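Protein chains in written order, with numbering that gives the first Met the number 0: chain A, 0 to 592; chain B, 0 to 85.
Everything labelled a hint here was simulated from the structure, so no lab data went into it. A quick note: this is a predicted structure, and the numbers were derived from the prediction, not measured. A few of these clues could be false.
To be clear about the criterion: a stretch of chain B counts as covered by chain A if any three or more of its residues have a C-beta under 8 Å from a C-beta of chain A, and this derived list gives those stretches [as the list claims (entries may be wrong)]:
#1 21-33
#2 49-60
#3 78-84
Calculated lysine to aspartate or glutamate pairs in the EDC-like style (CA-CA distance at most 16 Å, straight line) [unchecked claim]:
#4 B:4 to A:241
#5 B:4 to A:575
#6 A:272 to B:3
#7 A:272 to B:84
#8 B:12 to A:578
Residues from chain A that keep clear of chain B, each with C-beta distances beyond 12 Å, as calculated [unchecked claim]:
#9 23
#10 495
#11 519
The C-beta atom is built at its ideal place from N, Cα and C for all residues, glycine as well.
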Amino acid sequence: MSQFAINLLFVGSSFALYIGIAIWARAGSTKDFYVAGGGVHPITNGMATAADWMSAASFISMAGLLASGGYANSTFLMGWTGGYVILAMLLAPYLRKFGKFTVPDFIGDRFYSNTARLVAIVCLIIASVTYVIGQMTGAGVAFSRFLEVSNTWGIWLAALIVFLYAVFGGMKGITYTQVAQYVVLIVAYTIPAVFIAMQLTGNPIPMFGMFSTHTESGVPLLEKLDSVVSALGFQDYTADVDNKLNMVLFTLSLMVGTAGLPHVIIRFFTVPKVADARWSAGWALVFIALLYLTAPAVGSMARLNLMTTVYPEMAGQVENYEEAAQTPILYEDRPEWFRTWEDTGLIIYNDVNSDGRIQFYNDATDYTDRGWEGNELNVNNDILVLANPEIANLPGWVIGLIAAGGIAAALSTAAGLLLAISSAISHDLIKTMINPKISEKSEMLAARISMGGAILLATFLGLNPPGFAAQTVALAFGIAGASLFPALMMGIFSKRMNNSGAIAGMLAGLISTLLYIFTYLGWFFVAGTNMLANTPDNWFLGISPLSFGAVGAMINFAVAFAVSSVTKAPPQEIQDLVESVRYPKGAGMAIDH
Amino acid sequence: MADDKSNAAEYWKANVRLIYGCLAVWAFVSYGCAILFRPLLAGIPVGGTDLGFWFAQQGSILTFIVLIFFYAWKMNKLDQKYGLEE
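Looking at chain B on its own, in the form it has when it is part of the complex (with noise of 0.2 Å):
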């Protein structure tokens, strides 16, 4: 039983590292790139535009499927690390 808490611990803290790893791209992409950080990428052309503006009518929300599997993907193997799969 012991083993099991310790085990289910490690679990839960690899899955909260996985979250604030994402989340930091998250953050990132929209409000940094899209919004924040748009005049430091004004340099950038893309399509008639910046790419600040394609970040936050295209880029942020491609990125954000690819978070999502990749976090469904990874969450997957941390069941499966650990047992706790059903």
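Isolated chain A, as found in the complex (with noise of 0.2 Å):
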């Protein structure tokens, strides 16, 4: 069977699992549709808020990043996970006991404020479209890869099958399929992950093996690879970093926006009980970490692997670095997945000294000494995790399982994302704001409609990418942590937190993280526009506009304890609500106050 035909199975078997799920679960009622009935073991919703949670970008993207920044890119592995520790905490099981369906609806009750509830469906909006968008380019280029498709048809046809399951089953059929997408995609990724580190480590396990022996020179393998990335004048792969500020502020800003994205906070309101919410966080983190444990491995692995493969004597027992480096292997000699991904263009290699062999090294460091004229090898971070398989040998069926996970890892991000769009849409702006009266189901109609058309703004947004896809992360995670997350935690932890403090709060976070954002990055992300290059010499303190989410949140709580403090105490009702979304006995009274 050719590749072709093996993930076109792989990729169609794992489609019609989703949509017979799907037609299982179909919702029946608004409680289906945005809570699943409310009532998802704990297991089952750690496993779908994994899912959830782990995009394109952390099955694809996390591992290239970790190759090529080493020590330094760490703060993603602790930013996306350290959040669930603050969501365990301080919102999750808070926010079950508040007892209804979206996040706009806490702020708005919470503040007893139509303003508060519409700032906050404006953030959700922001934060979770900026985010779709990249879910979709990343299923258009999975698909175009691994089913020979046009990236058009590519987007379409993930469009399609989104729409089929998360219009029909809601968050009911959305959990389900995402339980799913958790099972393809860890499996996919692990894999490929346990033969990579048994050829190299002789230890399958790839968390294990990252710090053992590597066997084919008997040094460690981290050592080994700092050894290999520093003789071509690579920075250290562990090596510590002088911006500590900025390191710790980035991943304070990725776990202050993890605990604030509403898609991922939804999550929680769908199982039965508050004690479930906490448990289900801590099954969310250990499914979670099964990938994100097993990224470094395939990180450090897959660098050392190419590194190894252009410098075929720098592998074995290595007296001097400086002197392996000396020779690069031939092109022609260069491995048939090398050839593969240059098809794609994610490889190119340019002779710049015509010696038919493959310079690949740092340009800022100078070796004409060695008769080097420039860097003749790029390679894309994304390809680490998609080639593994190739680099590896491994039979074909595991490049099918692959295609099938990186789709996967898309797919239940954007469902998870579009349904807590259109959630906001139909239940805060429709149901609440605009017309109370609404039949339920009127309201499911309209829910679905929403669902329908955020698919179709989706589409439209991965099929145009408006320029800024690349920094959709900043956005996101910038806007949730900024004004969500602060407005949700003091709506739980300070009874004197009022409306027009917490209204305050949100504007002074989210304004002031798009201000540093748009300054660095250009207004709107058009080019051009940046006031300032986004070079750290310009930076405040040397804060990077990834990392100002955290400075936005500190901004936000400290303009909203500042209003509070001088304006009127919320009233006694609005205590009282406080008081009862601590307390766990009786779910349900939150509601019926």
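Could you use the hints to bring the two separately framed chains together as a complex?
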């Protein structure tokens, strides 16, 4: 069977599975549609949350980020997992006790203000829409690479599949589909990682293999990697970073962003009890960690594999790395996977000094004494995970599995985001603010139409990316962390926090974060409109625009406390509401206040 | 009712104390061991690198998992102790 047929078989049968589940788990009521009926088991919910959370970026890009950035990019690992500790202790159980469907619901009721609700809806929609663009483009790339269709067809196909199971099943369909998608993506991620860890270290568990001995050379794997990359002028893989303030703030931004992203928060509304919301956050992190603890191993091993493919003499026991670096492989002798990926344009070779060999090193270092005239190889970070099975010579079905896994990661996150957007529109905007008398049936219809509309918008933006698709992480996390997270937290932990304080805080956090991001990345990301060049020298106190979410959150807290201390305390009934949200007993009382 | 209230207030205090403790550990492993104190841990070797690197790429994540399960377990006991479970 050809590789194409195998890919088609794996991807096709995974789709059949998702659609089958969607038919089985049709939503019959708004409760089914928004919170999957509210009876999801914590372990099931943990798995669904993990799939919801792990996007195409986690599956495809993260190992590549770690491979190229080494220690410095540990921020992604800690930030995208540490947020769950905050979620489990500061948000999830209390929001579950509050017992409603959406994030703006809580903010609007707790701060007894439709202005607050509207600000929350706006923040939610900006954060989710920017994030979903990346998922659609990611799905398009995965489809076009593995199913040999054009990128445009890939995106349309992705939209159709998401439409089928998300519009009909709502949260219920999405939950059970995400469980299946989690299984597909984790199996796809782990199998090649296990084989590569076996080949390089003899240890089948990647997270241990990474810290054990490299079989071929007899030195620890990471030590080997450090020697190889430093001989080529790259920074040591495990090297410490100088700007600790920025690293701390970036990690913190990713953590509060994770805790504030609405599509993750609404997953905790689907479990039956407050205690289940706590357990469920733990299970979600367990399932996420299976991938996040493997990713660093994949990153370091793929980097070592790549370097020793280009410099075969560096693989074994090496006396002098500078000497071993003199003889990179002849371009003609490059392995088969190298040729395959050259065809996609993601590996680019350019023989600068015309010696027929591949010089791969850090351009900033002067190696003219070695007869080198510039780096000759460009490798896209994103191929590392996708090319892993080929680099390790694994059979064709593993490649088919990776294809299905990458697509599952993109689709599951897209579905979660689309649901967050559509429930904000149908529930918070239409049902709560515009037409409270709407019947349950009409509300469901509105939910499905806004879901369909959201999918069309996401597809359109995926097909015509507005030029800032690459910046979506900064924007989505900055907004969620700087506006929604502090408002939710203060709503639970400060009885004195009132409507004016919360609104002023959200706006201050949102606007300061947007201004900081736009200053360096251009107004609304329009190229050329940035007021300062996006370089560390220009950053305020060395804080990168990606890290500013944490500062925005602090501004939010400060402004909110300042404003609320000079304005009227919230009415008694709201203080009672806060009181009741704090105690697990009698879920439902909070709703009927 | 007065009893109920002071009972609930104590429960909330215990909860907040537990959160402080857990978040202290959370910050210590991630911002502390993995980032700020990494130079101090540089002398402790772990498989080809140092303990700070291990915390940054593995240790902090493992600690996060333990923290959440510890918190959930402890809170369940508090729920029961104060009669506030569902």
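- Return the numbers of the hints above that this structure violates; sort them in rising order. 4 and 6
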